Amino acid sequence: MDSGGGFTDLLQFIFMGLQRGSIYALVAMGFNIIYNATGIINFAQGEFVVLGGLMMVTLTMGFTFSIPFAFLITVLFVMAVGILMERFTINPVKNPTVLRLIIITIAVSIILEGSAMILWGKESHYMRHFSSDETFEILGATILPQTLWIIGILILIVIGFMLFFNFTMTGKCMRACAINRDAARLMGINDRKMVMLSFALSAGIGAVAGIIITPIIQMDFGRGTMLAIKGFGTAVVGGLGNSLGGLVAGILLGVIEALGAGYISSHYMDAIALLILLIVLFIRPSGIFGSSEASKLKEF
Amino acid sequence: MSKNHLELINLRKVFGGVVAVDDLNLSVRRGTITSIIGPNGAGKTTIFNLITGYLKPSGGIIKYDGRAVNGKKPYRVAALGIARTFQNVQIFSDMTVLENVMVGRHLRSHSGLLRSSLLPPFFRKEEKKISCDAEKWLSFVGMAEEAGRSAGSLPLGSQRMLETARALAMEPNLLLFDEPASGLNARETVAMGELISKIKEMGITVVLVEHDMELVMDISDTVSVINFGKHIARGTPAEVQVNPDVITAYLGE
Chain U
1 MDSGGGFTDL LQFIFMGLQR GSIYALVAMG FNIIYNATGI INFAQGEFVV LGGLMMVTLT
61 MGFTFSIPFA FLITVLFVMA VGILMERFTI NPVKNPTVLR LIIITIAVSI ILEGSAMILW
121 GKESHYMRHF SSDETFEILG ATILPQTLWI IGILILIVIG FMLFFNFTMT GKCMRACAIN
181 RDAARLMGIN DRKMVMLSFA LSAGIGAVAG IIITPIIQMD FGRGTMLAIK GFGTAVVGGL
241 GNSLGGLVAG ILLGVIEALG AGYISSHYMD AIALLILLIV LFIRPSGIFG SSEASKLKEF
Chain R
301 MSKNHLELIN LRKVFGGVVA VDDLNLSVRR GTITSIIGPN GAGKTTIFNL ITGYLKPSGG
361 IIKYDGRAVN GKKPYRVAAL GIARTFQNVQ IFSDMTVLEN VMVGRHLRSH SGLLRSSLLP
421 PFFRKEEKKI SCDAEKWLSF VGMAEEAGRS AGSLPLGSQR MLETARALAM EPNLLLFDEP
481 ASGLNARETV AMGELISKIK EMGITVVLVE HDMELVMDIS DTVSVINFGK HIARGTPAEV
541 QVNPDVITAY LGE
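Each protein sequence line maps, in turn, to chains U and R. Throughout the first sequence, residue numbering follows my numbering, covering 1 to 300 in sequence. Throughout the second sequence, residue numbering follows my numbering, covering 301 to 553 in sequence.
None of these hints come from the bench; they were simulated from the model. A few of these clues could be false.
[Unchecked claim] Not close to chain U: a few residues of chain R, all C-beta gaps over 12 Å, as computed:
#, residue
1, K303
2, E307
3, D323
4, N325
5, T352
6, L407
7, K436
8, F440
9, A447
10, R449
11, A469
12, E501
13, M517
[Stated by the list, open to error] Here are the simulated EDC-like cross-link-like pairs (lysine to aspartate or glutamate), alpha carbons at most 16 Å apart as the crow flies:
#, chain 1, residue 1, chain 2, residue 2
14, R, K429, R, D365
15, R, K530, R, E494
16, R, K303, R, D365
17, R, K372, U, D182
18, R, K373, U, D182
19, R, K530, R, E307
Please read these numbers as outputs of a predicted model, since none were measured by experiment. Quick reminder that beta carbons are idealized off the backbone N, C-alpha and C, glycines included.
Given these sequences and hints, build the entire structure.
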């Protein structure tokens with residue numbers, strides 16, 4: 001360990017932080033998409049990640065599907081779960097208040113967690129890495145190829161979503177709906193359909209996060225809650241609803257956590273993230289990148 | 301096609317114990333500008349909210365093109381060809397001016413949800429066409445140069461023009477203007493009046509709620525006067541101005 005000295009250690013921690021941070025960023029993006037469409041926090045977001053990971057394990061290790069094919073099937077499966085969740089638990093609510101809907105998402109999260117436990121059992125599931133699991137060195141730091149997959153896929157997703165929200169009519173309509181729902185409905189936009197779409201997209205992103213992290217952390221049914229808390233913290237630190245903020249906050253949180261784990265103690269890893277969340281909430285309740293004006297408009 | 305483009309029959313809206321719209325009867329002839337005037341709180345904006353589906357009537361019928369449309373959801377009403385503007389402008393402030401108008405083309409774009417989200421954007425001509433159409437409507441209201449600006453950064457007068465361009469981009473048959481001159485200066489009000497007259501010449505039926513009497517009397521074909529949710533007078537601008545009931549409603553006994 002001491003061969004490369006301080007710089008190598010630092011680089012090692014930063015790579016580890018980027019890997020964790022990418023997952024936080026993806027979970028936060030999922031939170032933000034639904035938040036923008038509905039004004040609610042979907043606490044089942046962590047379960048989308050778990051379902052993505054576990055489904056991928058079954059398809060690749062059980063059915064021995066190829067990774068790209070299993071990837072696609074898994075994302076579509078979890079998107080379907082997201083759509084069903086919206087259709088059967090969110091959409092039928094007669095008098096939807098933010099609090100009511102949030103409690104429903106907590107209920108759905110518990111149901112999904114329980115179902116995952118019944119279907120996949122309580123044990124952790126191993127999954128093979130996308131490419132080799134042999135580490136290689138960059139300036140003395142040892143890196144897993146999977147880490148590069150994670151960072152690369154995060155970048156692709158961010159670019160994909162940027163194109164979707166800025167250069168497609170559906171993306172524009174979703175943004176319009178988030179900015180001013182009344183005016184959007186007046187343009188003939190079916191706002192309920194946009195809400196459904198937001199659940200599908202969030203679930204899809206959650207699935208991707210689960211798929212890419214599972215080779216490294218070994219997925220089990222109970223990981224959703226911690227992922228949701230970290231992802232939610234990320235979204236809040238970045239400013240709720242702010243996608244770019246969520247991305248930067250995710251990476252930042254991941255790196256700070258990794259540095260804390262490396263230089264202080266790995267026991268405090270989760271505490272560090274939550275401490276940052278608290279500090280940000282005390283100093284800037286609207287998040288680092290959120291505007292205080294926008295946060296005044298929020299419903300809770 | 302019936303002569304009346306829009307017909308309100310015994311329309312009623314009660315909020316708690318307050319009767320906002322009281323068995324109102326009102327008809328709007330195709331291709332004309334009909335103004336609805338009345339003192340503050342007369343229920344004018346409520347009427348627009350009822351027509352566009354934001355509120356459900358407590359009673360009565362709203363007929364559009366001879367068909368009852370009450371109780372339909374706002375996005376369905378929009379699909380029928382009814383557009384509106386708001387007293388407090390409702391634009392998509394975080395989007396560009398052009399994007400605002402593009403969203404107005406939503407109903408006229410043929411790309412379905414899947415097609416428009418899955419195919420790479422650079423392959424699609426549709427997107428380009430929507431953007432061209434949107435530019436056309438921006439030029440129509442004289443805002444072509446502002447296309448790239450953030451809509452929220454525009455002065456109020458321009459935001460009202462943008463809202464109008466966005467409504468026009470829907471290619472509506474009926475356009476409801478809710479106090480289009482409010483907050484505008486004299487010059488901007490004249491420009492808005494000219495724009496509304498131009499819209500009528502395009503064959504679009506216009507219903508106008510407005511407090512600026514000069515504007516109303518200048519451009520309206522018919523003026524309907526509402527007080528306490530009831531229709532109290534109707535006629536040409538000249539007739540309404542000398543109607544004793546109207547004078548009482550505005551000035552008191």
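Structure-based check of all given hints:
With a least CB separation of 26 Å from chain U, K303 (chain R) remains clear of the 12 Å interface cut-off, as annotated. For E307 (chain R), the condition that its CB be more than 12 Å from all CB atoms of chain U holds, with the nearest at approximately 21 Å. For D323 (chain R), the condition that its CB be more than 12 Å from all CB atoms of chain U holds, with the nearest at approximately 27 Å. With 12 Å as the threshold on Cβ separation, the claim that N325 (chain R) sits away from chain U holds: the shortest Cβ distance comes to roughly 25 Å.
Residue placement check: T352 (chain R) does not keep its beta carbon more than 12 Å from all beta carbons of chain U (closest about 7 Å). Its beta-carbon lying about 4 Å from the closest one in chain U, L407 (chain R) breaks the requirement of being farther than 12 Å from that chain. Interface exclusion of K436 (chain R) from chain U stands, the closest Cβ pair being 17 Å apart, more than 12 Å. Once the 12 Å rule is applied to beta carbons, F440 (chain R) is consistent with being away from chain U; the minimum gap is 17 Å.
With a least beta-carbon separation of about 14 Å from chain U, A447 (chain R) lies farther than 12 Å from that chain, consistent with its non-interface assignment. R449 (chain R), annotated as away from the interface, keeps every beta carbon of chain U farther than 12 Å; the closest lies near 16 Å. Chain U draws A469 (chain R) into its interface by the beta-carbon criterion, the shortest separation being 9 Å against a cut-off of 12 Å. For E501 (chain R), the condition that its CB be more than 12 Å from all CB atoms of chain U holds, with the nearest at approximately 24 Å.
Its beta-carbon lying about 28 Å from the closest one in chain U, M517 (chain R) satisfies the requirement of being farther than 12 Å from that chain. Note on K429 (chain R) and D365 (chain R): the hinted pairing is violated, with a Cα-Cα distance of about 30 Å set against a maximum of 16 Å. Between K530 (chain R) and E494 (chain R) the CA atoms are separated by roughly 30 Å; this puts the pair beyond 16 Å, and the hint is violated. For the hint linking K303 (chain R) to D365 (chain R), the alpha-carbon distance of about 9 Å falls within 16 Å, and the restraint holds.
Pair hint K372 (chain R) plus D182 (chain U) holds up; C-alpha atoms about 15 Å apart against a cutoff of 16 Å. Distance hint between K373 (chain R) and D182 (chain U) is fulfilled; the C-alpha atoms sit about 11 Å from each other, no more than 16 Å. Restraint check for K530 (chain R) and E307 (chain R): the C-alpha separation of about 15 Å stays at or below 16 Å, so the hint holds.
Checked against the numbered hints given earlier, the structure breaks hints 5, 6, 11, 14, 15 and satisfies all the rest.
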